[in-house]
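J.: Sequence:
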Amino acid sequence: MLDEASLRQAEETGVTLFRRWGSAAGAAGLPPGVSVTEVTVSGAGLEWSADDVREAVAVFVGLLA
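The numbering of the sequence shown is numbering that gives the first Met the number 0, which starts it at 0 and goes up by one.
Just so you know, the hints here were simulated from the structure itself, not pulled from any lab data. Note that CB positions come from ideal geometry on N, CA and C, so glycine has one too. Incorrect hints may have been included.
To be verified - FRET-style restraints, in silico, Cβ to Cβ: (1) Glu11 x Gly44: 27 to 33 Å; (2) Glu54 x Ser34: 19 to 25 Å; (3) Ser22 x Ser48: 29 to 35 Å; (4) Ala64 x Thr15: 16 to 22 Å; (5) Arg19 x Gly61: 19 to 25 Å.
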């Protein structure tokens, strides 16, 4: 579901906020149902304002519904 939302966001908006999600199933110390991702901010991302980030997160969350 999270990977699908990430892909849809990239296809529909040209924004890749999150790339790949992993489940906690294989991660020690994390409870079931928890997913994790790694965030890397490259040069273009450093130009984003706080509002840009909030908007991208809102779009991503909206794709989960």
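J.: With reference to the structure, classify each hint as holding or not holding.
T.: Hints, verified against the model:
1. Glu11 x Gly44: 27 to 33 Å: violated (19 Å)
2. Glu54 x Ser34: 19 to 25 Å: holds (22 Å)
3. Ser22 x Ser48: 29 to 35 Å: The hinted range 29 to 35 Å holds for serine 22 and serine 48, with Cβ atoms some 32 Å apart.
4. Ala64 x Thr15: 16 to 22 Å: holds (20 Å)
5. Arg19 x Gly61: 19 to 25 Å: holds (20 Å)
This entry does not satisfy hint 1, going by the numbered hints stated previously; all others are met.
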